[in-house]
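Please build the complex by placing chains B and C with the ligand on the supplied structure of chain A, with the hints as guidance.
Protein chains in written order, with my numbering: chain A, 1 to 487; chain B, 488 to 710; chain C, 711 to 978.
In case anyone wonders, no lab produced these hints; they're calculated from the structure.
In this text the structure is predicted, and so the values were computed from the model without any measurement.
The beta-carbon is built from N, C-alpha and C at its ideal position, and this holds for glycine as well.
Watch out, some of these pointers could steer you wrong.
Covered stretches of chain C, going by a simulated chain A footprint (3 or more residues, C-beta under 8 Å) [to be verified]: (1) 754-767; (2) 771-783; (3) 943-957.
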Amino acid sequence: MKQQPEAFHPNSTAALADPVLRSNFRGAMEFLRNKRRTAFAGVNTEEGDFAALSRRGEAIKQRCLQQLPELLEQLEQNCTRNGIQVHWAETSQQANEIIESLIRARNGRKAVKGKSMVTEEIGLNEYLGDRGVDCIESDMGEFIVQLAGETPSHIIMPAIHKDAGQIASLFENNLEDTPYTEDVDQLIGIGRQQLRERFQHADVGITGVNFAVAETGTLCLVENEGNGRMCTTVPPLHIAVTGIEKVVAQLSDVPPLLSLLTRSATGQKITTYFNMISSPRKPGEQDGPEEVHLVLLDNGRSQAFADEELRKTLQCIRCGACMNHCPVYTRIGGHAYGTTYPGPIGKIVSPHLLGLDATKDLPTASSLCGACEEVCPVRIPIPKLLQRLRVESNHAGTAEGIVRGAGSGRKPLEALVWKAWAWACRHPAIYHRGASLAAHGRKLFRFLPSRWKTQRTMPQPAQITLHAALKNRQRRSATPCPQEKIS
Amino acid sequence: MSARENILNRLRNGSASHPAMHRNAAHDACGQISHASNVSITTDRMRQQFIELLRANHAQVMETDDLGLAESVVTCLQELGITQLMGSEEVRFLLGEQGEMPIQWQPWPTKGNDAEKKETLFSRTPAAITTATAGIVETGSLVLIPSATEPRSLSLIPPTHLVIIRERDLYPDLENYIAHSPWGLSMPTNIVLVSGPSKTADIQQTLAYGAHGPSKLVVFLVS
Amino acid sequence: MAEAVRIYPPKPDKVYLFGTCLVDSFSPQTGLDAIALLEHHGIEVVFPQAQTCCGQPAYNSGYDGEARAVARSQMDLFPASWPIVILSGSCGGMMRKHYPALFDHAPEVVAFAERVFEFTEFLRHVVQPTFSDQGAATRVTLHTSCAGRRELGIHEHGLALLDQLQQVQLVPHDYQEECCGFGGTFSVKHADVSAAMAEDKTRNLVGAGVDEFVSTDWGCMLNLNTTLEYAQQPLRGRHLISFLAERIGVTQPLGKADSEKLFAEVAR
Ligand code: SF4
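The following block holds chain A by itself, in its conformation from the complex (with noise of 0.2 Å):
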C-alpha cells in the first residue's frame, strides 16, 4: 500500500471539504459509539463496570509485554509442536517474501484474505500481484474497499466511508451482470456469490491473528462474517501474519480481552465466529489445511519495545474505539492520515513503523482532548504519548535515538520562541510588562498566524491584566485584599 503520511495537511483540508464524507463518518461514529455505550452499560463487577475491565485488559497485556522475548519463543515451539511452521520477518519485505515463497512452494495462484491490518501494513495485495498471485480480499468491507482500488479507511470497518449508494455503483460498474441496487440483502448477497467461488477453488488463505496462545500454541481469530472461517478451512494451506505484540502467556488471558475487544469494536458481547486454531489437518480428518504457517512481523514494534512508556503503544488490541471517538478522526475519516492504522491508534502506533520523519504531522494533529484514552480498553495513555511523541519530533526528549526520525520535526524558530517564552515566563517583570503593553495595544496576539483567522476573529485581549487590576485594588483599598508576600 502506498503510505503518504507526509500528505496529512492537505488530504485533511480535502476531506473537511467533501460533505458526503463528513456525513458517512459523523454517522457510523454516532452508530459505533452508541453501540460500545451499551455494550458497557450491562456489566457490573465489583469495582463497576469498564473502569474495572480495562483495568484487567492493561494488566494482561502489560504482563504479556514483559515477557515478551520469552513468550514468542514458546509460542514458536508450542506451534512447531503442533505442526504450525513459525517464520520471523523483521521488515514488510522479509513477511512479503516468505509469504510469497510459501505460496510458491505449493505453485499457488489464488489468494483468498481474511480481514487483516497487519497485511495491509506489509502491503501484501500489491506484493503478491506484481508476482502473479492473486489476491483477493474476501471481508465484505475489504472485498469493497478493493474493488474501489482503495484501502480501509476504518480498521475495524473498512468500508465506513462508502454508503449503499456508492457501493450499488461499484458493484454496477465493477461485477458481470449486477444491476444497481441499494438494498443491502442484496449487496451482501452478490458478495457472498462472488466470493464463495473464491474460497472454494483458492490455493492459499492468508489471515491475520488476534491473539496467539504461547502456551498452547493457538492462533485466535473474531469475525462475524465467516470469511476468516473460510480461508482458515477451504484452501490446502494457510498462512496468518501477526505482529509480534499479539501474544498472550495463556489461553486464561484470552476470555478477557476478547470481550473488551469485541465489546469496544462493534459492542457486541461477542462476535458470530471466535476461532481457536492450533495445528493444520490431523490424520484422519476430512478438511483443513495440510500446512499452517505463522510469520511473526516486528516492523519497528520493537523500537516502540524499547521505552518503558512508548511500549504502552502495543498494549493495543486494535479494536478502533479510540478512532470511533476522536473528534479528528470524525471529521477527516480515516484515508486523510495516509497510514495503515488511522485515528489515535494510528498517530502512536505509525511513527515506529514509518519513522518519525514521514509521520511527523500525526503527533500534532490532536487537540489532546483524552476521548480516546477514556475508551481505551487497555488503558494505553494515547495524549501521554502523542505528547512524547512531540517531544521525540522536537528532539528534545530523553530517549534520543530510540525512536527512528526522532528531531526531524524541529523548527528552529519554533523552539526558539519556546526557550524565550520560557524565560519570560520565569522572568515575571518583563513577562506581565509585556502583557500589559499587549493588553493596552491590542496587539497581543497579531503574531498569531493567519490560518487561525480562517474561521475566527482575533481575540481581543482585555485593557489591563488581572495582575494590574488586583496591583491597584491592593494599593487602594482598605479592606484586606490578595497579597503579593505571604504574611
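Only chains B and C with the ligand this time, still in chain A's reference frame:
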C-alpha cells in the same frame, strides 16, 4: 544473524533496559467477574439467558428432549423446505431410523478428490447438522469442536446449520469453560465458538445475515 | 482519566489563587470574581504577583525542558501549605497530573499537585456554598475543557453548582463531551481541523437555544467566542465563575474608565 535472532535480541535489550515496568499481580485479577456468583444462577436462568442471547443474534432455538429431537429436526427442515441433510453417522443414529424421516440423509463425501468434495459441499449441500460440545451462557455461544466425523466444513459451508446441544453442557462463561476444559495444553485442531448465523454490518452499518457462512442457524437445546 | 475519589480538606482560611495566563490577559474580571466569591465565603485570597503561566503550552507542544523550567518557577511561588485554587480546568490538569510526571514524581512536586484545586471543584467540595440566585430567569449550557472533564471530572462540579441557581435553566447541548477544537498550538498547526471542530461545537451550542454558555476554561472560550463572532452569531460564552458571582450578587465589574486609569498607573 537471522531475523529471529535480531528481533529477539532487540526485545531482550529492551527488556533489560527497563526491567521494572510497573506491574502488580493483584492488579491483574481486578475486574474479574466472579465465578462464584455465576454458579449460583439457577440452571433455568442460565438456560433462559442462553436462549435469549442466541435468539437476539438471529439464531432459531428449539427446546426439545431426547425423544422429541428427531421430530423437531424434521419439522424444522420441513418448514425451511429442505429435504436433504448432511451429518455424521453418530447424529444419524441419534435421530433414529432414517426410514421414518422424510428427508434424505447425506453423508460426508468420501469419494473423489478434494476439489470434488468442495464442489459437493459448496453446491449440493443445503444443510448440515453437528453437535456442540458446550454452550457459553454469558455470550450465547455454541462451542464446536470439529472432528474426523464432524469436519469443520459442516458448520461453515452449507447455508443452513443445525446444532444439537445438551442443557447439561452449559457453562456460565468462557473463562469458566476454559478452566474446566478437558484438553489441557494439547488443543484440538480447531475450536470454534458460534453465536449466531454469519453476518456483516460492513455496508452502511446495516446488519445483513449470511455473509459467508450459514445464513440460518438452528439450535436444538436438548434437556 | 478522572482520578480516583479525592479526599477534600476542611474549608481553609486562606488560599492561593493561580489566575492562569489567559485569565490574566483576556478576562481579569474572571479573576476578580473568583476572589469576590471566595472572600464572600470568608476565605482570604493570596495572589502571588510573580505568577505567569503553568507551562502547559510548552508541555503540549513537546517542549518538556521549557515546561519544566516554567513549572519549577511557578511552584516556588506557593510556599505556604494553603490550597492553590486555579481558574482553568486544563491548567489544573497540567498542575495536578503533569507536573508530577515532569519531575519523575518527586515527593515535593506530588505534594504540590495535591494542593491544586480547579476553582469549581474547590467551591463545590471544599467551600460547599449554598447560593441564593438573584438573577432573572435565564437558560444556559455548560462547556468544559476536555482536560478538565477527563482529567479532573470538572463537568460534574460545574453542573452541581449551576444546579443550585433556581432561576437558571441548564440546557444540555448535542455532543457535549466532544472537544471544541482548541488544543493550544493544535488550533494553529492544524487550523482547518480545529476550525471544523469549533464550527460543530458552536453549532451545537447555538442549537441548545440558550441565552449564553458558560465554561471553566478561557482557552475553549477564546476559540468558541471568536468562532461565534466570525459566524456573526450573537451567542457568547462567559466564565462560570463570573456567571456565578453575578447571579449571587458579589461581582464588582471593572469599568472601562477604571481600567484606563489603572493601566496608566501600572504602565508608569
Ligand atoms: S489504542 Fe486502545 S482504543 Fe485504540 S484500537 Fe488500540 S486498544 Fe482500541
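Can the segment 943-957 of chain C be counted as covered by chain A under the rule of three residues or more with Cβ-Cβ separation shorter than 8 Å?
violated (count 0)
Residues of the segment 754-767 of chain C with Cβ under 8 Å from chain A, three needed, outcome:
Since 12 is at least three, the answer is holds.
Three residues or more, CB to CB closer than 8 Å: is that satisfied between the segment 771-783 of chain C and chain A?
holds (count 10)
In this structure, only the earlier hint numbered 3 is contradicted, and the remaining ones agree with it.
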